[in-house]
Each structure stands twice: as C-alpha cells, then as structure tokens.
Amino acid sequence: MPIRVNPKLVNEIERYGAEDVSKCYHCGNCSAVCPHSTQPFVFPRAPMRLLQMGFESKLQNSLEPWLCYYCGQCSEQCPRDAEPGETMMSLRRWLISRYDFTGLSRLFYRSWKAELGALLIMAVLTGVGFLLWGFTHGDIRSYDGPNAFLASSAVHIFDWTMAVVLTLFLTANCVRMWWFTVAGRKDISVPLLSYLRGVYLIPLHFFTQKRYAECGHKTSWAVHMVLMASYVTMFVLIMFFLHAVQAGPEINWNVHIFGYLATAGLIGACIVMLRARVKKDHVWSERSHASDWMFLVLLLYVSVTGILQHILHRSGLGMAANITYVCHMMGVVPMLLIEVPFSKWAHMAYRPLAMFFADLTAEALLAKEKKPSGLSSPQLAEIG
Amino acid sequence: MEEVRIGVYVCNCGTNIAKVVDCDAICASLSKMPNVAVARTYKYMCSTPGQEMIVEDIRKNNLNRVVVAACSPRMHERTFRKALQTAGINPYFFEMANIREQCSWVHENEETATAKAEALTRAAILRVAHHEPLENLYADMCPSTLVLGGGIAGLSAALELAESGHPVFLVEKTDRLGGNLARVDLTAPHLYSARDLLTDRIARVRANPYVQLMLESELKSLSGFVGNFTAIVGAAKKNGDPHKEHVLEVGSVVVCTGYKEFDAGRVTHFGYGKLPNVVTSFEFEKMLREGNIRTKEGRIPEYFAIVHCVGSRSRDFHGYCSRVCCMTALKYAHEIKSAIPNSYVSDLYIDMHAFGKGHEDFYRGSSEAKTLFLMYGKNEHPVIKRAQPGEESEMLIEVNEQLSGETIEIPADMVILMVGMEARSESGDVARLVNISQDKDGWYIESHPKLDPVATTTEGIFIAGTCAAPKDIPDTVAQARAAAARILGRIAKQKIEIDAVFAEVDEDLCSGCRVCNSLCPYSAVEFDEEKKRSRVNSALCKACGACVAACPSCAIKARHFTDRQIFAQIEGVLR
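One line per chain: the protein sequences are A and B, in this order. Under our numbering, the first residue of the first sequence is numbered 1, with each subsequent residue one higher. Under our numbering, the first residue of the second sequence is numbered 1, with each subsequent residue one higher.
In case anyone wonders, no lab produced these hints; they're calculated from the structure. Because the structure is a prediction, the values reported are computed rather than measured. Just so you know, even glycine gets a beta-carbon here, dropped at the ideal spot from N, CA and C. Possibly wrong hints are sitting among the right ones.
When the alpha-carbon atoms are kept at most 30 Å apart in a straight line, the in silico BS3-like pairs for lysine-lysine are as follows [to be verified]:
1. B:495 x B:440
2. A:8 x B:296
3. A:23 x B:337
Just the calculated beta-carbon pair ranges, DEER-fashion [to be verified]:
4. A:120 x B:377: 32 to 42 Å
5. A:197 x B:365: 45 to 55 Å
6. B:448 x A:29: 35 to 45 Å
7. B:273 x A:57: 29 to 39 Å
8. B:378 x A:29: 45 to 55 Å
9. A:29 x B:493: 39 to 49 Å
10. A:186 x B:380: 21 to 31 Å
11. B:360 x A:57: 48 to 58 Å
12. A:187 x B:319: 33 to 43 Å
13. B:380 x A:367: 29 to 39 Å
14. B:109 x A:38: 31 to 41 Å
15. B:355 x A:29: 20 to 30 Å
16. B:365 x A:239: 50 to 60 Å
17. A:193 x B:319: 52 to 62 Å
If we strip away everything but chain B, and leave its shape as in the complex, we get:
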C-alpha cells in the first residue's frame, strides 16, 4: 500500500480562531505525528492563496491526504475538496476539523481551547488515514415533469417547461384551469384583470403539444427517485367515474396545489351566515365580476365596511398573516368607489401590510379616495349587528378603535370579510404521496426558507405558490418559474449526480430481518423479495446512518463513515 502522507493546515480565520487557539503551537505539535508530511498555519485557508497552498503542497510533497482545521465543514468542506480535485487526488481524501464553531467561538480559556483544538485536529489526522477514494454515481434524468395543480402556479411552471420543449403532465383535480385566481376580478395593486392574466396562459397551455392536460384527475401514487419517478394518476375521487389510471414516467414533480379560503362561519361575532349582507371576500369578488354590487334585498349599498384578518393573525384561528388580504381590501375600496361614487368605505384593519412593490402607493391612493381606515387591536374583534329600523344603515359594527382610543359604531350596509388562506384539507395526503413535510399549519416545508425556497427535502420534488405558504401572484409565479428553472437545469445535464456518501448492504451478511426498512426516514431501503435481502437505493440515501447503527448483523456499511474511520477519530480525541 502506498505510504500515507498527510498535509495539515490550521486556519487562523483572521482572529476568529487565533485569538483563542494557539494555532502555531498546534501546528508544531501535530507536525511530529506519524504520516504528517506538512503542517502549516495560515490567516485564511479558504482564500485563494490558502487553497493554492494546499494544491502546491500536494504536488510538491506528494501528499495524498489533507486535513484542514478551520470552520464547520458545512461552510468550506466543498471548497477544500475542490482543491484536492484540482491537485489531482480524490476529494474524499480530505477531513475537516471544526475548531471555530466547536472551539474558539465557544471557549474563553486559551489553554484548554488549544488542547481541544489539537485533539479535534489529531482525530481528523487519524481518521483521514483510513479514508477511501469515492466516486459520485450518476443516474439518468427523465425530461418529463409532473405538475400538480392547474392554478396560476401550475400553469406558469408547466408553460416554462413545455415552452422549452419538455413534456409536462398537468394534473388538475377540478374540471377547469385557473384555480383560485379564476375567482378573482381585478388584482392589486395594478388593477390588471385576473381573467386577462389567466386566459392567455390557459390558451397557451392548451395549445402546447408538450403539455398533457389531465383534468378531474389526481395523483394516486409516486415511487422512485429524482430523475426516475413513476407516478400513477387517476380520476379525482369525487368524480365517481374511475377512468383508466395513467402510469407516468417523470423526472421531477412540481406541487402547486394552492390554498383554500378560511371558513368565515367559524367566527361567530361577525354574524356570517346569519346577517344576509355580511359576505366573504370571494363572494364579493363574484359580485365584482358580475358588475352588480347589491345587497341581498337588491338595494345598492351606501355604507361599506371591510374587515381584515378574518381567520388570520388571531389567537383562535391562524396565527400567520395571509399576505394578500390587505391589498385585496384596498382593491375593494377602489372598485367600490369607482362603481358607487357616493358610497362610504370603512376599512377595519389590525396592521396595514403594504410590503410589496407599488403597495404603499396603492395604500396612499385609497386614503386619497377617502377610505376611512379604522384600526382594531390584535385578538380583539369588531362585532357586527343589525341596526334598529330607521337607522341610516342596515348594520352597525362596534369596535374598539385604536388610533382614537374610542369605542365606535360604524354604519354598514354591506360587510366584506377578508378571509385568509389556509392549507387544503387534502394537503396531508399529497405530502405523504410525494414524501414532503408540512409545518404546524399544514404548509409544505421548503428545503431552505431563504436559500432554497422551492426545493424540498426530497430530491426532485418542488413546491411553488400558496401550497407552501400564503403569497401573492408575483411571488407565486416567481416560485413556479424558479422550480421550472431548477428542473430545466437538471434536464440540460441529462444526468443526476448522486453523492458518493451513502449506505451499502453486504448481501452476504444481511439476514433479511427488515429492521432497517421501516427505520429509514427517506424510504431509501427496499426489500428484495426474491433474494430476501434489503437494499439501499443510493439516490434516495442521505447517509444519516440510522440503518447502519440498527442492523443487528452489522451488514450495512456507510461509505465515508466506516467503523475504522470512526474508531480512529475517537482514538485521536482521546489520545
């Protein structure tokens, strides 16, 4: 066997590490260890000169292992592996010791911190000697995509993919496209007609030969892994006409299943369902689309009241903000004033969330149009009741108004409840089918809320639009197209790269007890009924090690986390 020659690099990280840990002392001490050919300190190992130092040492001193004692491997493991690759050796011949997050940032005593840093680095040196060269695996990437949901998100994702020349299966549960947006009249703040936004996209989707539209259908099952999913799509349950199920081969799935509106009947003090002219925002949208704003009795209302945060930002219902209601309410104020110029609009809000581009101007415009903004307290609520006969209005709303500190009474002939968004009742079923998770409110969880907002923890499954959280049309469309862009990138590569670190079952040792099968959080362990042995699907495996630890026969080995490597590391710490 080739002689092990290790290069050890202790990073100062400016003063982040060096002000607590004596890097030079560690270097001097560790350079005496067997197999250590080079030991150096440097101000910033992650900088270009730092990386070049490693590359040069590998070439000059024939190093075949590298240890960097610096920050967390989450931060720079990739950087240094790349340096090894540049120098021509396998990137897995690298080990990182975290002496910043786990040492200098959390300790004050320089002596003990230095001792700990040295122990951690020593462990890495002993471990790296046992590293094996590993290669990434590749799988084919199926260029077809399954899009779940025919709302504005699904339409946008499908168009982006299909117009790039890749097949899309667009599955919609109902018998029409457009989703919730199709129920809307104008959109805030530009007052574009929702119908115009949709019809163009629907027409393009219907005309595109790459889109296979599957209305009144839903996903029945999904198996496989990124690039190689098999989906079964059948008739939506309520249809009752079970036509043939389709088996689809797809590489990716975009979940665009949207939201459902909050049921205003759950809030008793608004009298929804009892008072005829207390309507929800969607019921009012319908009046707007029909161009006929009238009370149930057929009169044209004079006093309007819009109540924000119905079901949202409340202790009793949903704690979150539904994001679109504030601007939609302002849009109503605008549409009411232009339809009935002599009307009076009161807008009862908790906080006005005018966060987006053009929203603040829109808010200002509503004020200029003499909308009366009235603020009520969070977790308080306006009470709507019928007015006495002979009053100027049909209803009166009593509320504790925050900006004046007075308990007030607002005349109203029509009350519009701004119902918030909530996760669909069937969102849990979809989550189980595609193996993604939901938060406490039922929204799908993204891979990273900031840096990876459309991917999920399951490779190849993307989420876009309001199934992930309440959001407006621009954000929904941006997410849908972002998901499509991620998929197009993979399709362009034609291959799916599978990380070299995964668990492997030694078939000779496996007893077929299947303990590991149900344990795997990623459903990566399959059971081969013929051989009566378990098998790990390397594309699904995240190398968590649960199966390795659980296997009673020690038949499962995790690549890059072998027993020898772990024991050597422990020995290094304890020595």
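Only chain A is shown next, with the shape it has when bound in the complex:
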C-alpha cells in the first residue's frame, strides 16, 4: 500500500522549532558526519525525509530523534542550512507531545503563551494554597518547630502526592512511547527475555549519559551531567530527608553539604546554559524554543529561591524565610507539574528509555534478518 504524503506536516513542525527542514536536498552529509548514526538507526537525513513527506505515523514510531544529542556537526556542514540538528531537536519536542495523551504538551509547545499562562496559573494557585494552609495551621514568623508556617511533615505529604500524580502521567506517556516505538510495530517482535536482559540500559544511560559524551563536546556533556546529578541529589534530599533539611537553625552538615553542592550545581549549570543560549556561541545554542527558556529560567528561579529561604532561615529571619519559601514553591509546583510530564523535562525519562528501546529494536531486526524468510527449505534450495 502506498503511503500518503502529507505536505502539511512541515507547517505543523515549524511550531516546534524546525523552520528549515524544507531546504534539505538529501545529500546525506549529515548522516555521514553524525557520530551516532549507525545501522539500523541512520539519521538525521532519513527522519528529515519522513518529515518533509509528512509520514506522521512513521515519525511517531521512530526512535532516531532520541539518539541525537545535538552536537551540531550535522548543521555545521549542511550545504543548504537545513539545520538537521535543530530539526532533530524539534522532533523530540514533537514526540513529547505525541507521547502525551492529554494533549497539553501539544498545546504548550505550539503556544508559548499557553505554557507561560499555565505556569503562572499554577504559581498563583500554589501561592494562594500555601498561604491559606500556612495561616490556618501555623505562624508566619516561625519556620520550623511545632508552630511552623509550613510544617515539613505537611509539605512532605504534599510532595509525595505530587510525585505520585507525576509518575502516573509520565508512566502513561512512557507506555505510549513503548507502544509506538516497539510494541506496536508489526514488523518486529521483542521476546520478554530481551527486555530483562537490556533493562540495565535505562539506569546506565540515565546516570552516565555516555552517548552524549561520545558526541565530542565533553564540556556540554559535563555541564549536563552536573545539572542532572544535582537535580537527582536534590530530589532525593527533598523526597526522603525533608525533615532533616528543614530542621534548624543550626547547619546539619551531614545532610546540608549535599544540598549546597546540588544547589551550586543547579545554579552553575543553569547559568552556563542560559549564557550559551544568550550568546548563541554554539550550533546547539543558536536557536532556542520558548520552552527552553521557560525551563531554564524556572529551574534557576527555583534553585535561587530554594537556597535563599534556607539562608534566611539560618539567619533567624523566620518571616522572610517563609515568604521566600512560598515563592520557592510557586516555582517548584508549576515546574514539576508542567515541565516534567508535558514539556522539556520529560526528556529525562524518554531518553534513557529510547536507548533501551533502540537496543531492543536493533536486536529484533537483526534476529529477523538472520531468520530465514517464510519460504520452505525446498524453495530455498531451489533459489540457492
């Protein structure tokens, strides 16, 4: 059956950032120069072709965009300035919106106003909610102790509730991703054993991001690693050691040293990344989508307000610390609720998953190649 061409898809993808994909004339230099482009995942040319021709379901089922870390070598030597690197980036955004069953992601990526509006509404709701809770349950001048404005036990329960909601969203989307890219594919079948054998790839790629290091830009990999490690550290501290983190006024070095390191890492990495996007000094930082800015600014805001409320608390300024804490939460809640399941932060989950799925797909394709076709042996003998 012939596949129907849909010339409208390039217009759709333009909203996600890829403005130059039509310029590509398929010389293939991008795929030749890409350090990650190997059989059976050859890119960026092939996905660019699918995009030009509007093969939506093929694109939705493809893992290639996740295998790219945007080192930018492809864009640097593209004779037509078709920006294959940026196209892959945009395809990742598009895929996030495709995996998301709610449709919110699509809305946010296509309209920065919608995303910003959602962030602001969430922030206001959070602020109002926390103030109401604080004034009815504690004293604004007291940060910790029995009369605390925002008691860590209550915040702890709130955090875990939010985590469960997020996990549900993200898991549903990951299952959709799995269905699109592996399970729903009719041409391959992956045995259960392969899943078990390869599952270690998820934590491996999550914690090391070793493919990024293979891109040749060690600095950007390192910055990315610092950001990720700091985020994970902070996540563990808040989810499991919130009581110890908030208890004061003395500094609990056993716990707080991790918090300081993580904060320094988050702020430092955010500044380096924002600076690159402002200076546009690399191929990968030349073009920024609204979602990139919102994510980085939000993360920096959350990190700065986080450490500030800590300092104010240790300085004995209980009221100032509580106000800053509310401001901090006004950043944290929208960041987690919007960015993790519906926007840029989702790649944290999809990327290591994609490595796992790519491995499964490659193995299944290889097995299919080795397996003799549907022909019976006498027929094969005839051909032979």
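Following the hints, complete the assembly by docking chain B onto the known chain A.
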C-alpha cells in the same frame, strides 16, 4: 626548371616523438637524399624559434620546399604554411609527415617506429618535390542575410545584423513574431516577463528599415554557395494563399526554426487527455498569463504536482535532457505559491538539473518556499489516477520515491506535465533545402560541437537556438548573436576566401557521363547543359576526391592531390 631545394625538419615534440623515434638518425639518413639541402631536428618545431629556423633557412639556403615531420597536419599545417609565406615562398610548397599520432604515440618498438617515421618523412620529401604553387580564390560576399524563424533566436540574429546596417530577410512561417517564447509567462530564474523580453525586440525589428519581414512565408529553395546564395521564399503551405514568390540574393543563412513541444498524449500513464486537470506546461503557462489558475471545474486547486522529464530522458521517448524544464518547473512552484499562498506544491523529478547561472539559488529558493521535492527513478514513472470521492484531493499520484525508498501517494488537484522539446516535424525539409545534417533526434548538427557551435558543414549556413538542440533563452540568444557576428565578420571582409585545394574538370577529357554529379556529397559538381560537361564549383568543393577517383575518363584533377604527388609519396614509403 628551378632546382628543387628541400629543407627537412624533424620535430622531437619534447619527448612525445623523441622517446620512441630516433630523430637524429632519421635526420642524418634523410640529409643524404637528393634535393635535400638542409635537415635538422629541433625540440619544438611549432615554437617561435622553430618557425624562425625555417624562415631563416629558406632565406639563407634558398630553399623552395619544406618538409616538417612532426604532429598531425590538422594541428600545425597552417602554422608552417604561414612560415613559408613569411619567408616569401608559396605556402603550398610544404608537406607534413605525421610521426607523432601515426607513429610515436602508437608504437613501442623504437627500431621499427624509427623506420616507419623515416619512411613517412621520405614519402613527404618525394611528394613535396612535385608540389605546385597554388593561390586561394576569392568570391564576392553578398551583405544580405536570410533568417529563418521569428522566435527569440531569429529576432536576435536579425537585430544584430540589421542594426549594423545590413539587410535582413526575416522569414516566419506563422502570422506573428515571438515563437515559443511568446507562449511563456515569466522566465526562470530572474522572473523577467517573457512578454517584456519580446515586445522590445519585436518593435525594434518592425521599425528597422533594414529588416524585410516576411510573415506566413517559408523557404522554398536555396542554391549557390557562401556569399552568393539565391533563395526563393513563398507562402507557407497551410496558408493556402500562394502570393508571389520572392527571389532573394543573400550571402548567409541563419536557421532559427526552433522546437516543438513533446506531445504528452503519447505517455499513457499520466492520463493526459482523460483526466481534465492533467495539463502540459504550455497549457499551464496560458493559465499563468491569464492570471487565472483554476481547475476545469472552476475551483482553485490546493494541491499541485509538477512532473518533470515528460518525454525526456526516457527509454521510450527521447533520451536527451530538454534542459529548460527543471527551471521552468521551479518557476511554476514560485508562481503558484505567490498566486495561491495556501497551496502545496509537489515536484516530481528524476535529477534536478540546475546547471546555469543563478539556477542553484533558484532551486534553493523553491525549497525555502516549501516545495516538496520527490525523486522518481529514471525509466520509472508516476501513475496519475482519479481519487475516490471524499478524498482531500481530486487525483492521487503513485510513485516509487527514491529518497525515502517508499511507494508513496501524492494528493493533487492539478498536475503539470513538463513536456520536453523535440525537433520540428518539418526540420528535415529545412535541412534538405539548406544542405545541413541532422542527428538521430532530428537536431541540426554543428560544424564542431565545442569550437564551432553555430556554423554547419555547409559554409554560410548557420544554426542558432533550439533547432540545434534544447537550450534556454540565454544560450539561444548567445548563439543567434554569435552567428550574426560570424556573418558580420565576412561582410566586413567583403570577400569570401576559397581554399586553393579543390577539384577541377578538364573539359577536353570530360565525356559528360555525369557519374560525378550525384556522387559529390557537397553538391559542388554542376552540369553545363550547353557544353555537356561537368564543372566543379570551387567554393563548394571540399577536396574530398570522390569525383577524382570515380571519373572513368580521368578528367578530374584534385589540386594538391595530383597523381604524380600521390605516386611519389607511395614510392617514398615503399623505398
């Protein structure tokens, strides 16, 4: 008779000759031959010192014959004849032995190669002794020119000549000027309007007193030779109103008869003629010129598809590339997008030939405007069919797309077939009238495809534009003006120089059998009905020798190829 004194020069041609042939040995051996006054070798005889050596020897040693054993006479015969002329002796007292192409380049054994080179040079020495002094002839050059065809080529050639103050007869078969270009809207890649390109030239042609415009006319016959043709121009056949025939005296003819478009109906899988909205490029040009792009049903199409190479680069039709269709297709993409901004244009090509100045940028511009380029394989073809009711488009095109490796289906409301160029059906008649040849596709053949692209093998007959091969407007105009420049050069000289080497009929020996008349490939032999003798027109004769060999009475002699000269040469080789 004056004593024959021959100078023999053996060229080393750097190492081209010397590395296989022992030039010094040949020189030493041949210097002992009778009549050889001087024998020398030199590194490069064609260089200025080499030529000066010949001139000096002629003057000092009273040489009256020269033999140079070197490369092919096609390469340097003219050079050395000039040296003889400089020294004050007749240039035909020269003979060249080809010991490079016919010896050192094709042999490895030094001994036998040297022997062969010596034999060839010896033959030249014996031959040159019998050479006769010959003088070139001259004929008058008529300054009028006949231009066949009123398209952009004919207009350009006619203007170039007429604006230099020379009479031009511009013969056009139809009732209007402009040719195929008049059917075009904008031109790629600059998007100049074809109408603007033409109207200025048409107005200038019509206003020029030196141009005699002959519409609805065609050439009936042409006789004579370069500088002195007689043309008869009459009413074009289909007109049916045979007004008086004109007899024109012209010195040159420029053939600018153009092309005709490929008939898309010959390709069955495109459904041309059956599907109402499958149109040819010229039909689409008409819509563009009218500023009204609509389907037959009157709707504004949303999906356009342009199919390249219709009739061109195909096993079944024409093998060649029609050169203009790629850029014209991009021009359509551009014009469609500017006329209907919300439309989608798919461009189905085999290879994108963006060879000319500004073409690559134009191609890039089309990509930027989101034209979807789809590649199909050579000798494969897209199949166009009607879509089911309720589909997003009226038609669907199925094709095996090369860049994705997928069999795809393209929605289309209007399909434009880029029909190629082909030689006009009457081009054979014109070729016979003016005595020029055609290639297998019917295009006129040029004298030399690279070095003499507008001249033909018939002196005084020039070809320009798409009658010679598919080409775009700049190339067509350049050719037309090049042909005019060649003619203006001749007009400026006022005389036509006729080469001294041609065949002559001895009227006393000729029996009037007329064997030679039909044999001559250049129609140079005429029959004098009064004297009942054949006669060679020296201006048309190319000295091929066919008539000389055929004459049963040995009445025809070829100047510079006399029996004595040939026999002496054979004797030299065999000695």
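*Are residue 23 of chain A and residue 337 of chain B close enough, with their CA atoms no more than 30 Å apart?*
holds, 16 Å
*C-beta pair residue 355 of chain B, residue 29 of chain A: status relative to the range 20 to 30 Å that was hinted*: holds, 21 Å
*Just tell me: holds or violated, for the beta carbon distance of residue 360 of chain B and residue 57 of chain A against 48 to 58 Å?*
violated, 34 Å
*Given the range 45 to 55 Å, decide if the beta-carbon distance of residue 378 of chain B to residue 29 of chain A lies inside it.*
violated, 24 Å
*Using the Cβ atoms, figure out if residue 187 of chain A sits within 33 to 43 Å of residue 319 of chain B.*
The hint (33 to 43 Å, Cβ to Cβ) holds, given that residue 187 of chain A and residue 319 of chain B are roughly 40 Å apart.
*Does the hinted range 21 to 31 Å hold for residue 186 of chain A and residue 380 of chain B at CB?*
Once the Cβ atoms are compared, 27 Å apart, the range 21 to 31 Å for residue 380 of chain B and residue 186 of chain A holds.
*Agreement of residue 8 of chain A and residue 296 of chain B with the hint, judged by alpha carbon distance not exceeding 30 Å*: Holds: residue 8 of chain A and residue 296 of chain B sit about 25 Å apart, inside 30 Å.
*Between residue 380 of chain B and residue 367 of chain A, does the beta-carbon spacing fit 29 to 39 Å?*
holds, 33 Å
_Range first: 29 to 39 Å. Now tell me if the beta carbons of residue 273 of chain B and residue 57 of chain A are that far apart._
Since residue 273 of chain B and residue 57 of chain A have Cβ atoms about 36 Å apart, the given range 29 to 39 Å holds.
*Just tell me: holds or violated, for the beta carbon distance of residue 448 of chain B and residue 29 of chain A against 35 to 45 Å?*
holds, 39 Å
*Falls inside 50 to 60 Å, the C-beta gap from residue 365 of chain B to residue 239 of chain A?*
Once the Cβ atoms are compared, 55 Å apart, the range 50 to 60 Å for residue 239 of chain A and residue 365 of chain B holds.
*Take a look at whether the Cβ-Cβ distance between residue 109 of chain B and residue 38 of chain A falls inside 31 to 41 Å.*
violated, 56 Å
Hint check: violations occur at hints 1, 4, 8, 9, 11 and 14; the rest are consistent with the structure.
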